[in-house]
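Student: Just so you know, we're using my numbering here: the sequence shown kicks off at -4 and counts up by one.
Don't read these hints as lab results, they were simulated from the structure.
Heads up, the beta-carbon is just placed ideally off N, CA and C, and yes, glycines get one too.
Just to be clear, a hint being listed does not mean it is correct.
Claimed, not checked - The following label-pair restraints were derived from C-beta to C-beta distances: (1) V53 - E20: 22 to 32 Å; (2) D21 - Q60: 13 to 23 Å; (3) P29 - T52: 18 to 28 Å; (4) G27 - D54: 15 to 25 Å; (5) Q18 - A64: 17 to 27 Å; (6) Y35 - T89: 38 to 48 Å; (7) A79 - G50: 30 to 40 Å; (8) M(-4) - P61: 32 to 42 Å; (9) G72 - I19: 31 to 41 Å; (10) N44 - P70: 34 to 44 Å; (11) G72 - N44: 26 to 36 Å; (12) V25 - P90: 16 to 26 Å.
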Amino acid sequence: MSVHHPGEDWRWFGRPDYFRTEQIEDTWTVAGKPRTVRFYRRPLSACFNALRDAGFTVDRLLEPQPQPAGREVDPEGYASMSTAPHFLHFRALTPKAPPSGAAAR
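Based on the sequences and whatever the hints tell you, model everything.
Tutor: Here it is, written out as structure tokens:
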């Protein structure tokens, strides 16, 4: 699962309450055209607990940084994403099923 970094997105959008789950609207430029996007921002605990409550095990948490080639494409964006968290990636695993034919206990 990939989300905007909860520790930063509430500040980026000028929201007064980190702990509130809310829908945010933003404008992104895609292929030179503005696009309106909507998404939900929520605190880190809500992201993690949703995975856990659904039966997943989180075995890895990443705060990715841009690839070096990104510096040439967007120097300002590269500098920003290299020094502050922008995204958070959870690797969530489903529980292993018992072997086929195993007796239930």
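Student: All hints are to be evaluated individually against the structure, with a verdict given for each.
Tutor: Here is what the structure says about each hint:
About 29 Å separates the C-beta atoms of V53 and E20, a value consistent with the hinted range of 22 to 32 Å. Look at D21 against Q60: about 21 Å separates their beta carbons, and that is inside 13 to 23 Å. Evaluation of the 18 to 28 Å hint for P29 and T52 yields a failure: the beta carbon distance comes to about 40 Å. As the Cβ distance of G27 to D54 is approximately 39 Å, the hint placing it in 15 to 25 Å is violated.
The hinted window of 17 to 27 Å between Q18 and A64 is violated, with their beta carbons roughly 33 Å apart. Checking the proposed 38 to 48 Å range against Y35 and T89 shows it is violated: the Cβ atoms sit about 23 Å from each other. A hinted range of 30 to 40 Å holds for the C-beta pair A79 and G50, which are about 33 Å apart. Between M(-4) and P61 the CB atoms are about 20 Å apart, so this pair departs from the stated range of 32 to 42 Å.
For G72 and I19, the hinted distance range of 31 to 41 Å is not satisfied, since their beta carbons lie about 19 Å from each other. At roughly 38 Å, the beta-carbon separation of N44 and P70 lies within the given 34 to 44 Å, and the hint holds. One distance hint, 26 to 36 Å for the beta-carbon pair G72 and N44, holds here, with the actual separation near 31 Å. Separated by about 38 Å at the C-beta atoms, V25 and P90 break the suggested range of 16 to 26 Å.
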